[in-house]
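Q: Sequence:
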Amino acid sequence: MSKFNFEKYKRGIITIEVQTMTPEKFINLLWKNGVNISNVRRIDITTLQLDANLRYYETINSIAKRTNTKLKIIKRRGLSFFIIKNRRRKTLTLGILIFISIIYYLSTFIWNINITTENNVTPYEIRNQLKDLGIAPALRKKKINVYDLEEKLIKNNSDIMWVKARIEGVKLNISIAERQEPPNVISDNSPCHIVAKKDGEIIRVYSSAGTAIVKSGDIVKKGDILVKGEQGKEEATYPVHASAEVIARTFYEEKKQVPIEYVSRDRTGKEDKNVYIELFGKKIYLKKAKNNFEMYDKISIDDSFIKKEVYFEVQEKKKKINTEEVKEKIADELFSNIIAKLDKSVKIVDKIVDAKKENDKYEVRVMLVVEENIAEPQVFEPEINEKEDKK
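Numbering (our numbering), first residue to last: 37 to 427.
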């Protein structure tokens, strides 16, 4: 029988119980012979425990024989022990490797497509459009460009304002925000100007009645007159009900602050429970919990005749937020809040996300640059021409 070669196995850790009359001498001999040990702890005067790499076992055993020391392996862990145990089970090992390879290969495909919509656009419509774009279950992940997919879905659907497509595991998750219908405008022929309902930069003006007094590139503020409610030349002007569509680049902004540090309640794994039955409004305990925990979570389970109250011990720890995760989560939340306020005619041009530290808080700001119609009618009283009155 060939001698076992411990030098081949470097990824195995053994916990050894050592019984010797001279534990200090034994430890010194281990260090002198280049044996790296860790987690040394004394059990009693003659007994101690230590952790060592499996490859040093032959050296440790040799030193133990010279010092009349008893060794007992009480714990084994690591990949090496799995290899040792299964080195003669080549078929089993090969099967496990093949199984892992198949699972890994299958994980490179999309097997499920989740579509979340709102009111008018149905998941069925989007699913059919995805099929036309060549996207269906059992498609390789690397063949899907989520950003290109978002643009195509927006382009193919006038009712869609925004799309978020992300690959998570073996799922393709698609979230859709629909455009909101603008309110119906009641017809009115009274004289009015067209004014800006918010600040913005003029992109283009479509005027069907009235005289435009702004042009592309002009910066306007809320309340500024964009199209004057009059027509004619020089002194021969007359009031009209101005009608126009004024497209301007505007901005929507929202921000939110979160504490950089937060208190996390983590369960320790310890639990206690009350087990009882309830008769005539009174609890009859089959097992009474001691519940010596300073802090705990309590869960009541009463879905059967025998009821339970489970206490889970928790510890509160101060932790720092993961800034990247928080930034993405809050940015999505703020983005959803903004687009919920926009109507169907708004076109999103750009999305800007900023994040910065403010004292003991982390502030995330989302700004949407959009193009929208900022025209709003403003009724006015026409000036009376004195000459015409005299006539």
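Just so you know, these hints were derived from the structure itself, not from any lab.
There could be a bad hint or two in this list.
Taking CB as the label site, the calculated pair distances span [stated by the list, open to error]: (1) Gln351 - Ile388: 16 to 26 Å; (2) Gly317 - Thr359: 31 to 41 Å; (3) Thr273 - Arg163: 12 to 22 Å; (4) Asn373 - Glu281: 23 to 33 Å; (5) Arg163 - Ile388: 28 to 38 Å; (6) Asp379 - Leu142: 56 to 66 Å; (7) Asn164 - Glu204: 15 to 25 Å; (8) Gln165 - Glu281: 23 to 33 Å.
Mimicking DSBU-like on lysine-lysine, the simulated pairs with C-alpha atoms at most 35 Å apart in a straight line are [what the hints assert, rightly or not]: (9) Lys326 - Lys233; (10) Lys353 - Lys392; (11) Lys167 - Lys188; (12) Lys393 - Lys354; (13) Lys234 - Lys269; (14) Lys319 - Lys356; (15) Lys306 - Lys291; (16) Lys126 - Lys68; (17) Lys334 - Lys353; (18) Lys207 - Lys353; (19) Lys326 - Lys363.
In this text the structure is predicted, and so the values were computed from the model without any measurement.
From the three backbone atoms N, C-alpha and C, an ideal C-beta is built for every residue, glycine too.
Q: Hints broken by the structure, by number, lowest first?
A: Hints 1, 2, 3, 6, 9, 14, 15, 16 and 19 are the ones this structure does not satisfy, whereas the remaining hints hold.
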